[in-house]
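Student: Sequence:
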Amino acid sequence: MRGVEPTARADLSRTWALVPIRGLETAKTRLGADLDAEERIDLVTRMLRRTLVATRDAGRIAGTILVTMDPDAAGIATVLRAVGLVERAPGLNQAIVAARSLAVARGATAVLVLPADLPSVSAAAIDEIVGAGNDAPGRGGLVAIVPDRHGLGTNALLVSPPDAIDPAFGESSRASHAARAAAAGATWLELTGPLSLDVDTPADLLDAEAAIGSLRG
Numbered sequence: 000m001r002g003v004e005p006t007a008r009a010d011l012s013r014t015w016a017l018v019p020i021r022g023l024e025t026a027k028t029r030l031g032a033d034l035d036a037e038e039r040i041d042l043v044t045r046m047l048r049r050t051l052v053a054t055r056d057a058g059r060i061a062g063t064i065l066v067t068m069d070p071d072a073a074g075i076a077t078v079l080r081a082v083g084l085v086e087r088a089p090g091l092n093q094a095i096v097a098a099r100s101l102a103v104a105r106g107a108t109a110v111l112v113l114p115a116d117l118p119s120v121s122a123a124a125i126d127e128i129v130g131a132g133n134d135a136p137g138r139g140g141l142v143a144i145v146p147d148r149h150g151l152g153t154n155a156l157l158v159s160p161p162d163a164i165d166p167a168f169g170e171s172s173r174a175s176h177a178a179r180a181a182a183a184g185a186t187w188l189e190l191t192g193p194l195s196l197d198v199d200t201p202a203d204l205l206d207a208e209a210a211i212g213s214l215r216g
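Counting from 0, one number per residue, gives the positions in the sequence shown under numbering that gives the first Met the number 0.
Hints are computed from structural coordinates only; laboratory data are not their basis. Check before you lean on any hint, since a few could be wrong.
[Unchecked claim] What follows is a set of in silico ranges between Cβ atoms, one per label pair, in the way DEER data are often shown:
hint : residue 1 : residue 2 : range
1    : V78       : E37       : 18 to 24 angstroms
2    : R8        : A182      : 16 to 22 angstroms
3    : G150      : D41       : 27 to 33 angstroms
4    : R49       : G130      : 16 to 22 angstroms
5    : A178      : D41       : 35 to 41 angstroms
Note that beta-carbon positions come from the ideal geometry of N, C-alpha and C, so glycine has one too.
Assemble the whole structure, with the sequences as input and the hints as a guide.
Tutor: Right, here's the structure in full:
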């Protein structure tokens, strides 16, 4: 991460979506008590496709990079007009940084990190996030998030310039991202909406299906 220059401003004119997923078979293992392996892979694939279709169709997204260790997941990205980046980075945040570098090389002025486990993701919800970022002052850069419904994690992270802060996904990531934004002198924005719902546990899956219908085939 570099310090943001005082004159730097947020520019969301070319926002790229970054979608990290370790792999189709290795994602969402905590759902194993509720789903068998085949059902879990099917669920993960459905949510990934939903995410990539949403970023593809969002009017405020210039392009999408899926970063993964799984060539099969990268293949899904290619079919849905996203860039599939197969990356052997040792952790989630390192993988996101690799995807960010590729987005910047392709002209990104902002990045929106979207985990592939948001059942209510849609093009409209994505455009709303970027639109809210456009309405923020953005002096010294912009960091906007959608926290998870518990107020601890981060379900969407919008950053401009793209390297205004480094990603800090993991335990208590909402607080970590807020601290990094403050240290960088960036405008901090917290948003609410449908992306506050994610699927990590069997209870999350039940809540998601109660809200939007079945996610399973």
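Student: Is the distance from the Cβ of V78 to the Cβ of E37 consistent with 18 to 24 angstroms?
Tutor: holds (21 angstroms)
Student: Return holds or violated for the Cβ distance of R49 and G130 against the range 16 to 22 angstroms.
Tutor: Check passed, 21 angstroms falls within 16 to 22 angstroms.
Student: Okay, A178 versus D41 on CB: inside 35 to 41 angstroms?
Tutor: With Cβ atoms ~38 angstroms apart, the hint holds.
Student: Within 16 to 22 angstroms: is that where the Cβ-Cβ distance between R8 and A182 falls?
Tutor: holds (18 angstroms)
Student: When you take the CB atoms of G150 and D41, is the distance between them in 27 to 33 angstroms?
Tutor: holds (30 angstroms)
In summary, the structure agrees with every hint in the numbered list given earlier.
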